[in-house]
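Once you've looked at the hints, dock chain B against the given chain A.
Protein chains: 2
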Amino acid sequence: MAQKITSQEKDYSQWYLDVVREAKLAEHSPVRGSMVIRPNGMALWENMREALDQMFKDTGHENAYFPLFIPKSFLSKEAQHVEGFAKECAVVTHSRLKSVDGGVEVDPESKLEEELIVRPTSETIIWDTYRGWIQSYRDLPILVNQWANVVRWEMRTRLFLRTMEFLWQEGHTAHATKEEAEAETRQMLDVYETFAEEFMAMPVIKGVKTASERFAGAVETYCIEALMQDGKALQAGTSHFLGQNFAKAFDVKFQDKDGEHKLVWATSWGVSTRLIGGLIMTHSDDQGLVLPPKLAPTQVVIVPIYRSDEQREAVLEYADSIYDELKELGVRIKVDDRDNQNPGYKFAEHEAAGIPLRIAVGPRDLENNNVELARRDTKEKNIESREGLSERIQKLLADIQDELFTKAKERREEMTSHVDSYDEFRKVIEDKGGFVWAHWDGTAETEEKIKEDTKATIRLIPLEDGEEGKCMVTGKPSKQKVLFARSY
Amino acid sequence: MAQKITSQEKDYSQWYLDVVREAKLAEHSPVRGSMVIRPNGMALWENMREALDQMFKDTGHENAYFPLFIPKSFLSKEAQHVEGFAKECAVVTHSRLKSVDGGVEVDPESKLEEELIVRPTSETIIWDTYRGWIQSYRDLPILVNQWANVVRWEMRTRLFLRTMEFLWQEGHTAHATKEEAEAETRQMLDVYETFAEEFMAMPVIKGVKTASERFAGAVETYCIEALMQDGKALQAGTSHFLGQNFAKAFDVKFQDKDGEHKLVWATSWGVSTRLIGGLIMTHSDDQGLVLPPKLAPTQVVIVPIYRSDEQREAVLEYADSIYDELKELGVRIKVDDRDNQNPGYKFAEHEAAGIPLRIAVGPRDLENNNVELARRDTKEKNIESREGLSERIQKLLADIQDELFTKAKERREEMTSHVDSYDEFRKVIEDKGGFVWAHWDGTAETEEKIKEDTKATIRLIPLEDGEEGKCMVTGKPSKQKVLFARSY
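Chains as they are written, first to last, in our numbering: chain A, 10 to 497; chain B, 10 to 497.
If you are wondering where the hints come from, they were derived from the structure by calculation, not from laboratory data.
Not one of these hints is a red herring.
Capping the alpha-carbon separation at 35 Å, the derived lysine-lysine pairs in DSBU-like fashion look like this:
| id | chain 1 | residue 1 | chain 2 | residue 2 |
| --- | --- | --- | --- | --- |
| 1 | A | 271 | A | 257 |
| 2 | A | 266 | B | 355 |
| 3 | B | 66 | A | 66 |
| 4 | B | 303 | A | 303 |
| 5 | A | 390 | B | 66 |
| 6 | A | 120 | B | 460 |
Under 8 Å between C-beta atoms, here's a sample of chain B residues computed to sit facing chain A:
| id | residue |
| --- | --- |
| 7 | 40 |
| 8 | 52 |
| 9 | 71 |
| 10 | 73 |
| 11 | 76 |
| 12 | 95 |
| 13 | 96 |
| 14 | 98 |
| 15 | 100 |
| 16 | 103 |
| 17 | 104 |
| 18 | 107 |
| 19 | 125 |
| 20 | 137 |
| 21 | 153 |
For every residue, glycine included, the Cβ atom is placed at its ideal position computed from N, Cα and C.
Okay, chain A solo, but in the shape it has when bound (with noise of 0.2 Å):
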């Protein structure tokens, strides 16, 4: 199984789909640009979104749900949303097919009165919605995010990473001031930058986007940007800043303590199935998909090797005594008994899988009362006495979790560069890649330029002021490098 992945050195973008299916993660449907996230993918996708609303909700905040469908005057109402959206809208124009001669036609009689656009996101249906829940400073704040399917039609997609639907989650939030949504809005990057590096390993910068990377209708969006194994950068994140805009478009006023009616200030976030490409990017190899144990749908696997029905037996009552010790701890774990595969075969297939841990139990090791443990992400294989060892394997997940979090750490600072030419610039983007901090004017003139040159782009700058320096372009004052790279 494991040669139908090609290496990560002949062709990344190839290994990537390999992973994505051998590891069984999705695949692409009929519909261009849509996919079907299969079990695999699902299960991780669930264990993601458990621990990010488990975050929500510790930081105050509700699920709610919203229409799928917003009309079409709605998405209109605000100038720079509109704009951002319009191109990339699938547009529902009919209720209805009727039968005809060999099959099914759209009912011209079922055209709709005003067409519905599929949720590309949900601002503009939100705050109408808001307008009715807001009277008062007393209604302040609401903090709201909903998990669901948004499309976007794109003409080049590719698995996970750009898809026309995708799953995400949503935040969108009211505010009486200023201050409040701004916090929040930082809130909720601290909270995607904690998800990010404690959950999936993937060490990420937080910053702000350019004008020119905002999101349509945000006045600040801020992001978390990971750096792939390829070089690439990914954003991971948004947290979107938007000011009034959106009450100004829906007309959403509250009477605040001094009996004056106030436009409300708003935040939106949203982290998607996007992570998945992050993760496997991050992480895996040559073998297939590598996952950090706090996410992994299946943490140990138990594999019982045996040649008769006796040793069989013997062997699974052996294997189940460790599962449900470990099951008992907490652990995510799964015996492997199927009788239609042999050991090979399944070893190959977790391998691909990615579960971090896999045990390996013959009639041997009963008879020694050992196990045969192998590591998913150094390959490291120990024989180790089956006694204690449920807690060793504990300690070995909390292990292996914070290793490959200092691993890609370590990867991600091999991979970033602090250039002042822009010579420099050109030659690391091209030979090197990775993030490269460089001083830039400020303008959109030379974040233009750049880009068309090298294909580099502002990820972001960061929040934190840096040392002053001239504009590796144009040689005008910078206040500080902001950071590039080329990017998925």
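Same frame as chain A, now just chain B:
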């Protein structure tokens, strides 16, 4: 707040809408037929989803996610299926908007080659996918479930009970043999029965639908039916034995152990946010929602009562000690310490929201080491000693769960009639409503006549054989009584 709810006696329909509003479960959205599920409604759905999901996983199912859009040509592949859904399809025909003076319009140049249907159900896209997953008997069974939104264009909608878009789960399984698929269909019907009765405290009757009420594309549709407080039936869940219909339509075959290529057997089964409507109309009253403790997002709310800051501190400390103790025991509890609302307002709000138990604590309770404990379902209020309170509350929650079920079951029995003549049938349906058992000759003509005469439909044919008799309409032989009711 409670006055805002119309009494059940006065207008059951309006009462239902008032409860949904006052419990803050959901509201209509500007897109006709779509609803916004508010945080209280979503928290309830999440609890239902979690319990069901665990039951699905315990019976060997995994979750996956399939595309929202289905190519029009897929729908037409199974003749009955397309006939059933053609008249309620949201159709996507374009992929872009373009700016025009004063707004945006659909860009005619973005017209799709093939229209896409927003899934009304996913059999077709899933069976198209299964063709790629199934080659050999080793690949079977496939036991997959999906949590998703679906759209069926409905003209007459009602929050939760019938909405254009709704949330649901749809299980889709593939099997090597007819027997196995039939067993799966029945197993999932049992899962639904268990969920309805043990979690929702809503008694249901299991049975099979008549041909005219069958799911479009199914060989048999099994169902659970519940009886609402107003004497109308609610179909609460369905489990379909699909035979080989979808395997034929999508050419899904497997090589069996005997080397032969055979068509795969299928089932599908689903429940939706409609269950929330059923929950409301099973237990709630003129004060608002009544929730069974197993599903209540908040099981116990503590309302602190005080007149001074000094009292406030002491009372809150007392409240927190109760909170900590119950939280530790796994009870879903919260302290309502909002300063901007008075206790009376809070009581009415918690009552409307259906929180099973309310604890009020004031300075005098503190002195006497007491609390005031109020039960939502029976409206009993008692002074209870702080000593051993947590254990009594745990037991009380379990008792409430049981009593709600018993009460609902007794109500159903009172509203169930057995009739032998059509005159009696018409009188009972008209005057009393409820479930009516009667003999039927098994023909679609008689079924249709009864429906036209009385608006009552056959809810189900029972799974066990009953006593033979004669059709109440035609006098022809009948194998057993079947269950009639007017329904939602």
